[in-house]
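Enquirer: Spelled out, the chains give:
2 protein chains.
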Amino acid sequence: MQTIRVDTPSAKYDVVAGSGLLQSLAPRIQRIAGRLPRRVFVLTSAPIWALWSEAFLASFPEAPIVLFLEPGEKHKSLASVEKLLRQMARAGGDRGSLLIAFGGGIVGDVGGFLAAIYMRGIAYVQVPTTFLAQVDSSVGGKTGVNLPEGKNLVGCFHHPLAVFADIGVLATLPDRELRAGLMESVKAGIIRDRSLVRFMEEHAGEILDRDAKALEKVIAASIRMKAGVVGKDERESGLRMILNFGHTVGHALEQATGYKTLLHGEAIGWGMIAALSLARKRGTISSSQFDRLENLIHLYGPLPALQLKAKKIVAATGGDKKNVGGVRRFVLPIGIGDAGVVEDVSPVELEAAVVYMLARAAKQPAD
Amino acid sequence: MQTIRVDTPSAKYDVVAGSGLLQSLAPRIQRIAGRLPRRVFVLTSAPIWALWSEAFLASFPEAPIVLFLEPGEKHKSLASVEKLLRQMARAGGDRGSLLIAFGGGIVGDVGGFLAAIYMRGIAYVQVPTTFLAQVDSSVGGKTGVNLPEGKNLVGCFHHPLAVFADIGVLATLPDRELRAGLMESVKAGIIRDRSLVRFMEEHAGEILDRDAKALEKVIAASIRMKAGVVGKDERESGLRMILNFGHTVGHALEQATGYKTLLHGEAIGWGMIAALSLARKRGTISSSQFDRLENLIHLYGPLPALQLKAKKIVAATGGDKKNVGGVRRFVLPIGIGDAGVVEDVSPVELEAAVVYMLARAAKQPAD
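Order-wise, the sequence lines are chains A and B. Each residue of the first sequence is one higher than the one before, counting from 1352 in our numbering. Each residue of the second sequence is one higher than the one before, counting from 1352 in our numbering.
Each hint should be verified, as a subset may be incorrect.
Identical copies go unnamed one by one, so any copy, or any two together, can satisfy a pair.
The list that follows gives simulated cross-link-like pairs (lysine-lysine, DSS-like), each with its CA atoms no further than 30 angstroms apart [to be verified]: (1) 1564 to 1434; (2) 1663 to 1568; (3) 1363 to 1663; (4) 1363 to 1714; (5) 1583 to 1363; (6) 1662 to 1568; (7) 1502 to 1434; (8) 1660 to 1363; (9) 1663 to 1632; (10) 1660 to 1564; (11) 1663 to 1434; (12) 1583 to 1434; (13) 1660 to 1434; (14) 1425 to 1568; (15) 1714 to 1568; (16) 1662 to 1583; (17) 1660 to 1583; (18) 1714 to 1564; (19) 1663 to 1714; (20) 1502 to 1425; (21) 1662 to 1714; (22) 1568 to 1434; (23) 1363 to 1662; (24) 1583 to 1611; (25) 1714 to 1434.
Hints in this document: simulated from the structure, not taken from any laboratory. Nothing here was measured: the structure is a model prediction, and the numbers come from that model.
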């Protein structure tokens, strides 16, 4: 078990990664919150609850009030939020209530947002059940939902009281989701942690076989990287931007495919390859570093084949939320374990990187 | 012109109260924000915009994007919020955008909430156009909307960059709204500012005639009181509760009348009378203090007649958002200029206070 401290100007809390956390949740929360409040809400999804409710409930003296979010990105909406807020009000939720977000990234984002805006903010705890949510979305206080106009356009920064990343719950995670989630760990290594890159190169077998020790190591290292960045730049005004490595093209791919065929991590996998290609052209990484990192990404693939036009993808990068005042920001890796943000990437340069990525993606076996 | 500094752990900003602010808004905002961003949004209501758009636009080099909220409490909803957020997204709003909430309390609450959650928070400025919004809701960072289950159940704490309370715009405010708004100033005096009580006793004529100097004095004193309290207790964990003087019964009256017949200030006026009656019985204020304060409230009336049952009102106090863990909190005035929060008010005691208030309200002329 590893505990990583997140220390930001607005909140300090622990992220605990390890096995068996789910079965001891209530006393763990009690230790942090002082006591369990009168109303404890759990936001989860029906499939997760069907698998894990027994383990979840084991440590609670009184059963919490369970709220369900339907699975799928389209339910990450203000309509869902309204429905859930009303359920909380009808169930007697007050300012002292606590919400536990128990599920993947969507449950975490919606649950955090509910906690951020219910009665102007109540306490919440993240219990992420996917690899991606454990290493990424549950840490850092970003919460929110989508609008029809774009993803994550609505939300708040609202930190949890604690995050419990139980490696045991990954047992039921589909293989494709594990692989996609591991892309965020690859990202963590490339931008900030050279030793994580090496570990993931050398232990891919154990990691993909879900060896608990290997997973804990990767998860803890990924969280530590993110916690360090978030601690230095809580509101994404500078350093935190580097967490978006691979995301400019990744988001464009998700948008161009209607958020249907690619998992987020898969889109980021391809996006990192495009960004690495751009970095190689600019000389911020060498050809051998490029080869090594591209191989690492494919080690945790296979990434799905893509049937898209480069121009369409480049056009789709324009709407990214990270562009402020019309400036196109781009995260460029520098060697292995470092990265910077540049603002001078031209559409031509970006298109060349996308063309490389698409050529590579054309060689992938179709589903 | 008077400038009051709000100084909280999460934000520091100025509230400016005076005449002619509206005509010089853009340079004032520019001075605070550094520059006017590419996208400036104005949230307002059609009636306000019809009266004041010319003065508002006078100082802007480029016309801002105007968003409209339909008047009325029922539009203070998540449905309105979603519609407006989508308009902002379609108009190209980014993280650097600024929103100006130009209207009464509802526009301020909804505008602040839009700014709190659009792209996880953008900057905003409050330009309140009602007396009530100028002295109360625009200061302190509370934002939000209603649910069908209750008022203000959803929202955020999100402070504005600045508040500009232009006394000139009060010229078009209906007399009843001015009188209702002044109840919050009466409240400010009773709980925290004995000299404001005296000023309002001695200058009721000028204040109700909207003499600019008298209004500025009352508005600035009320804001100063609130800023002081909010500065000491931003999140309403202790001291800030005293701002709810008159609100336990006031909210119950609003709820019992379906938020239709009473203005908020009028409900608070009656609520203060109930609270004063309870305080007189407990001996925290003397009989002569009671008479003086009750007279002051009626000086800024007339408060509307009430046709309600005491038991119904007492029952309605139970659902107040300020009750945490089932504890009924009540703000009790202590002499003139001080107040405290007690948790031991019994339903019987509360009912006696409500009965007194209703007897007093029965003597009011009906509309």
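Enquirer: Evaluate residue 1660 and residue 1564 at a C-alpha cut-off of 30 angstroms and name the case that applies: within, between, both or neither.
Expert: The answer is neither: 42 angstroms in one copy and 67 angstroms across copies each exceed 30 angstroms.
Enquirer: Should residue 1568 paired with residue 1434 be assigned to within, between, both, or neither, using CA atoms and 30 angstroms as the limit?
Expert: neither (39 angstroms within a copy, 45 angstroms between copies)
Enquirer: How would you classify residue 1663 and residue 1714 at a CA-CA limit of 30 angstroms: within, between, both, or neither?
Expert: within (20 angstroms within a copy, 73 angstroms between copies)
Enquirer: What label fits residue 1662 with residue 1714 when the C-alpha limit is 30 angstroms: within, between, both, or neither?
Expert: The answer is within: 20 angstroms in one copy meets 30 angstroms, while 76 angstroms across copies does not.
Enquirer: With identical chains, the pair residue 1583 and residue 1611 could be close in the same copy or across copies; at 30 angstroms between alpha carbons, which is it: within, between, both, or neither?
Expert: neither (34 angstroms within a copy, 49 angstroms between copies)
Enquirer: Are the CA atoms of residue 1502 and residue 1434 at most 30 angstroms apart within a copy, between copies, both, or neither?
Expert: Classified as both: same-chain Cα gap 20 angstroms, cross-chain 16 angstroms, threshold 30 angstroms.
Enquirer: Regarding residue 1425 and residue 1568, is the shortest C-alpha distance of 30 angstroms or less found within a copy, between copies, in both, or in neither?
Expert: This pair counts as neither: shortest intra-copy Cα distance 33 angstroms, inter-copy 52 angstroms.
Enquirer: Checking an output row: residue 1714 and residue 1434, CA cutoff 30 angstroms. Within, between, both or neither?
Expert: Answer is neither; intra-copy 45 angstroms and inter-copy 44 angstroms both fail.
Enquirer: Please sort residue 1363 with residue 1662 into within, between, both or neither, judging by C-alpha distance up to 30 angstroms.
Expert: This pair counts as neither: shortest intra-copy Cα distance 44 angstroms, inter-copy 46 angstroms.
Enquirer: Give the relationship of residue 1363 and residue 1714 under a CA distance limit of 30 angstroms: within one copy only, between copies only, both, or neither.
Expert: Cα proximity of residue 1363 and residue 1714: none, with 46 angstroms in one copy and 56 angstroms across.
Enquirer: Since the copies are identical, ignore which copy is meant and state whether residue 1662 and residue 1583 lie within 30 angstroms (CA to CA) inside a copy, between copies, both or neither.
Expert: neither (36 angstroms within a copy, 55 angstroms between copies)
Enquirer: Should residue 1502 paired with residue 1425 be assigned to within, between, both, or neither, using CA atoms and 30 angstroms as the limit?
Expert: both (10 angstroms within a copy, 28 angstroms between copies)
Comparing the model with each earlier hint shows violations of hints 1, 2, 3, 4, 6, 8, 10, 12, 13, 14, 15, 16, 17, 18, 22, 23, 24, 25; every other hint is respected.
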